[in-house]
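**Student:** Following the hints, position chain W against chain H.
Protein chains: 2
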Amino acid sequence: MKLIKYPSKEQWSELLKRPTLNTENLFDTVRTIINKVRFEGDKAVLEYEATFDKAVLSTLPVTSEEIKEAEGKISNELKAAISLAKQNIETFHASQRFVGKKVETMNGVTCWQKAVGIEKVGLYIPGGTAPLFSTVLMLAVPAKIAGCKEIVLCTPPDKNGNIHPAILFAAQLAGVSKIFKAGGVQAIAAMAYGTESIPKVYKIFGPGNQYVTAAKQLVSLRDVAIDMPAGPSEVEVLADASASPVFVAADLLSQAEHGVDSQAMLITTSEKLQAEVVLEVERQLAKLPRKEIAEKSLENSKLILVRDLEEALELTNAYAPEHLIIETENYLEVAERITNAGSVFLGSLTPESAGDYASGTNHTLPTNGYAKAYSGVSLDSFIRKITFQEIISDGIQAIGPAIEEMAANEHLDAHKNAVTVRLDSLK
Amino acid sequence: MKLIKYPSKEQWSELLKRPTLNTENLFDTVRTIINKVRFEGDKAVLEYEATFDKAVLSTLPVTSEEIKEAEGKISNELKAAISLAKQNIETFHASQRFVGKKVETMNGVTCWQKAVGIEKVGLYIPGGTAPLFSTVLMLAVPAKIAGCKEIVLCTPPDKNGNIHPAILFAAQLAGVSKIFKAGGVQAIAAMAYGTESIPKVYKIFGPGNQYVTAAKQLVSLRDVAIDMPAGPSEVEVLADASASPVFVAADLLSQAEHGVDSQAMLITTSEKLQAEVVLEVERQLAKLPRKEIAEKSLENSKLILVRDLEEALELTNAYAPEHLIIETENYLEVAERITNAGSVFLGSLTPESAGDYASGTNHTLPTNGYAKAYSGVSLDSFIRKITFQEIISDGIQAIGPAIEEMAANEHLDAHKNAVTVRLDSLK
Numbered sequence: 000m001k002l003i004k005y006p007s008k009e010q011w012s013e014l015l016k017r018p019t020l021n022t023e024n025l026f027d028t029v030r031t032i033i034n035k036v037r038f039e040g041d042k043a044v045l046e047y048e049a050t051f052d053k054a055v056l057s058t059l060p061v062t063s064e065e066i067k068e069a070e071g072k073i074s075n076e077l078k079a080a081i082s083l084a085k086q087n088i089e090t091f092h093a094s095q096r097f098v099g100k101k102v103e104t105m106n107g108v109t110c111w112q113k114a115v116g117i118e119k120v121g122l123y124i125p126g127g128t129a130p131l132f133s134t135v136l137m138l139a140v141p142a143k144i145a146g147c148k149e150i151v152l153c154t155p156p157d158k159n160g161n162i163h164p165a166i167l168f169a170a171q172l173a174g175v176s177k178i179f180k181a182g183g184v185q186a187i188a189a190m191a192y193g194t195e196s197i198p199k200v201y202k203i204f205g206p207g208n209q210y211v212t213a214a215k216q217l218v219s220l221r222d223v224a225i226d227m228p229a230g231p232s233e234v235e236v237l238a239d240a241s242a243s244p245v246f247v248a249a250d251l252l253s254q255a256e257h258g259v260d261s262q263a264m265l266i267t268t269s270e271k272l273q274a275e276v277v278l279e280v281e282r283q284l285a286k287l288p289r290k291e292i293a294e295k296s297l298e299n300s301k302l303i304l305v306r307d308l309e310e311a312l313e314l315t316n317a318y319a320p321e322h323l324i325i326e327t328e329n330y331l332e333v334a335e336r337i338t339n340a341g342s343v344f345l346g347s348l349t350p351e352s353a354g355d356y357a358s359g360t361n362h363t364l365p366t367n368g369y370a371k372a373y374s375g376v377s378l379d380s381f382i383r384k385i386t387f388q389e390i391i392s393d394g395i396q397a398i399g400p401a402i403e404e405m406a407a408n409e410h411l412d413a414h415k416n417a418v419t420v421r422l423d424s425l426k
Numbered sequence: 000m001k002l003i004k005y006p007s008k009e010q011w012s013e014l015l016k017r018p019t020l021n022t023e024n025l026f027d028t029v030r031t032i033i034n035k036v037r038f039e040g041d042k043a044v045l046e047y048e049a050t051f052d053k054a055v056l057s058t059l060p061v062t063s064e065e066i067k068e069a070e071g072k073i074s075n076e077l078k079a080a081i082s083l084a085k086q087n088i089e090t091f092h093a094s095q096r097f098v099g100k101k102v103e104t105m106n107g108v109t110c111w112q113k114a115v116g117i118e119k120v121g122l123y124i125p126g127g128t129a130p131l132f133s134t135v136l137m138l139a140v141p142a143k144i145a146g147c148k149e150i151v152l153c154t155p156p157d158k159n160g161n162i163h164p165a166i167l168f169a170a171q172l173a174g175v176s177k178i179f180k181a182g183g184v185q186a187i188a189a190m191a192y193g194t195e196s197i198p199k200v201y202k203i204f205g206p207g208n209q210y211v212t213a214a215k216q217l218v219s220l221r222d223v224a225i226d227m228p229a230g231p232s233e234v235e236v237l238a239d240a241s242a243s244p245v246f247v248a249a250d251l252l253s254q255a256e257h258g259v260d261s262q263a264m265l266i267t268t269s270e271k272l273q274a275e276v277v278l279e280v281e282r283q284l285a286k287l288p289r290k291e292i293a294e295k296s297l298e299n300s301k302l303i304l305v306r307d308l309e310e311a312l313e314l315t316n317a318y319a320p321e322h323l324i325i326e327t328e329n330y331l332e333v334a335e336r337i338t339n340a341g342s343v344f345l346g347s348l349t350p351e352s353a354g355d356y357a358s359g360t361n362h363t364l365p366t367n368g369y370a371k372a373y374s375g376v377s378l379d380s381f382i383r384k385i386t387f388q389e390i391i392s393d394g395i396q397a398i399g400p401a402i403e404e405m406a407a408n409e410h411l412d413a414h415k416n417a418v419t420v421r422l423d424s425l426k
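These protein sequence lines map, in sequence, to chains H and W. In this text, residue positions in the first sequence follow numbering that gives the first Met the number 0: the first is 0, and each later residue adds one. In this text, residue positions in the second sequence follow numbering that gives the first Met the number 0: the first is 0, and each later residue adds one.
This list has only true hints and no planted wrong ones.
The list makes no distinction among identical chains, and a pair is therefore deemed to hold if it is satisfied within one copy or across any two copies.
Mimicking PhoX-like on lysine-lysine, the simulated pairs with C-alpha atoms at most 20 Å apart in a straight line are:
| id | residue 1 | residue 2 |
| --- | --- | --- |
| 1 | K158 | K53 |
| 2 | K101 | K85 |
| 3 | K199 | K8 |
| 4 | K199 | K16 |
No lab work stands behind these hints: they were computed from the structure.
Just chain H, same shape as in the assembly (with noise of 0.2 Å):
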């Protein structure tokens, strides 16, 4: 861990850089595989899972079997749990529907927006050595309640061909309608493309490694949407003097653990606390399983002091985090100046792990910086909002003539008469 303190504003695009994720020098390698899915279909999916999986399959459908047999495989508890967490996931995206309502712009003109959910998407699930069935229930729970008529999920198999029984557990209490054994470039170009069984969808959802990302990218210039443009998972605490080091130590270490690269990033304007999250960050690591991989995270992480909170929050702004924690006296004050940001939790009591897992919020959200201009997946992200729009008489004899006016200045005098030609049927 690197301890900043009080640096200048000179300092701060170099503290606030992210490891840069370059994924185009994939892309031959990446479009190869695509194309080999696209003109092959199933062939290729299957040849492709025996060559990067180690998985040798005879069909790509996960059978009914299997999910019943999934049910069986897990503990009550884990079931227990998985379900409370999509009812609070279920209970938050639902009171995101949207109700458009019709304006009357003019008298006569009246304009709406409808709805409707995305008739097709795809969910890709990462494998290796963790089961992401959060994963699962923060993507289909949401294309659920959308209306997503056809939700199909890809995730890899293990090397016996299986699937985690948590992961088929989740998607089948989540509402998906088809899983595929599928993993990497070979499940994103069979979702974009379509083949014999995995259908063609209009979005992909979901996160992946560097190949998994650059797929999506390929796809996404022409011929299917994709959530968001992917980055390493990262976290900010804000504190402040009233903050548990225990708490804000265990904070960074969950961000840490994901991975190599993530990010965890201390902000305060203790410098007791500041020297107190070392010391806790060593004694909570000690105990971890994965703590090499938190401690290889950790060279990277910053703990950052600043001379005020105002100070801190404009860092924080500049940084744009995917995941912040607030942890100061007046938090909702301070929540209500943040502009740039994924998810906030508040408090000392709101771990980011809640909204991992449970508390309802999406887990899927802008890294990178992306959150200057990116949000994160919600119920908006699987649907469409439809404009639609009636004129009657006095609405195109109030609004023609202008109309007649902008054609014309913008040489585009067809347009002009599909106003006209109505304009004198009224007369």
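**Tutor:** For chain W alone, kept in the frame of chain H given last:
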């Protein structure tokens, strides 16, 4: 125009095909320009302006004198029309303001969303034969309502280094902060990375040719968000026997005059209408100044006769048109069943031109079937929704054990520990 009668479902995908827009082969050329602007700043932009726009400039910013002069150069009629349009766009987009509500997902666990404007946005307005002041309004008005603090506009100057006064007037009226004489790839690069005079922005909006599209795609891979992928403009008219062939023809032509790659389609249940529209298009076409463009574009235009309204709806949702005009009896009922479209125009007195200019809806819309996954530009495009959560002791006691269980099963023990230390503190 191609007249198609009762196509079989097997023919649909061929019928609904759009011209493919492959920008990837432009990436190398475009990347060179982007990098030069990124590293040389204003100097590079000025050089490219001389090369591509034949404009020899000494500086890039439009001065306040130029803006003041512009007002004197356009007619009072046009000023009044632009002001009326601006007012309606403002009324409709202001009605889209999002107010988050606090939701208690469980006792002691409160979650909410808050809308915050994107701090810095960049608007690109293309040059060419027509001054697109309407697009200035469509992008700047919602940016202003959203609370974007810096609204930057780039548009190419003419050979004499001037910008059309209607663009300057609309920009100033709508609240654009800074206007620059810069077009094409160099403008996109300047807004993505910033130069000495052009500020870096977080999201870039606006139409453009294939080079501009490629530039937006490239910078969006990592460095800045963009509004949506672009493609040629298109309209579908869905009409029954009650529709006026004069209106339908005028609407098809207003799309066709945009460019030779524009798509204009009629889907109708009336053979009589199909035949009449052909004659009426010919009659109206003869009088159009942009006749040659429209004629060329109409070569790809399809007038499709289908069996019934049911089939018309299915075909429409499969096509996912950017603009959809519904001229049928009971058009409100028909509208209810539209699931894929950008903007929908209802009834015989609602031409696309109305939404293009002055009704209040936005005219920046998803083309190329992107309406299956994307919305058009709206107030949402200029904000982010930041999520907040506050958990108090009852709350963490209620959801804490579930978080611990889930984190342990995802092998994320530090995540678990961040909850455990808090539960322990409450004992």
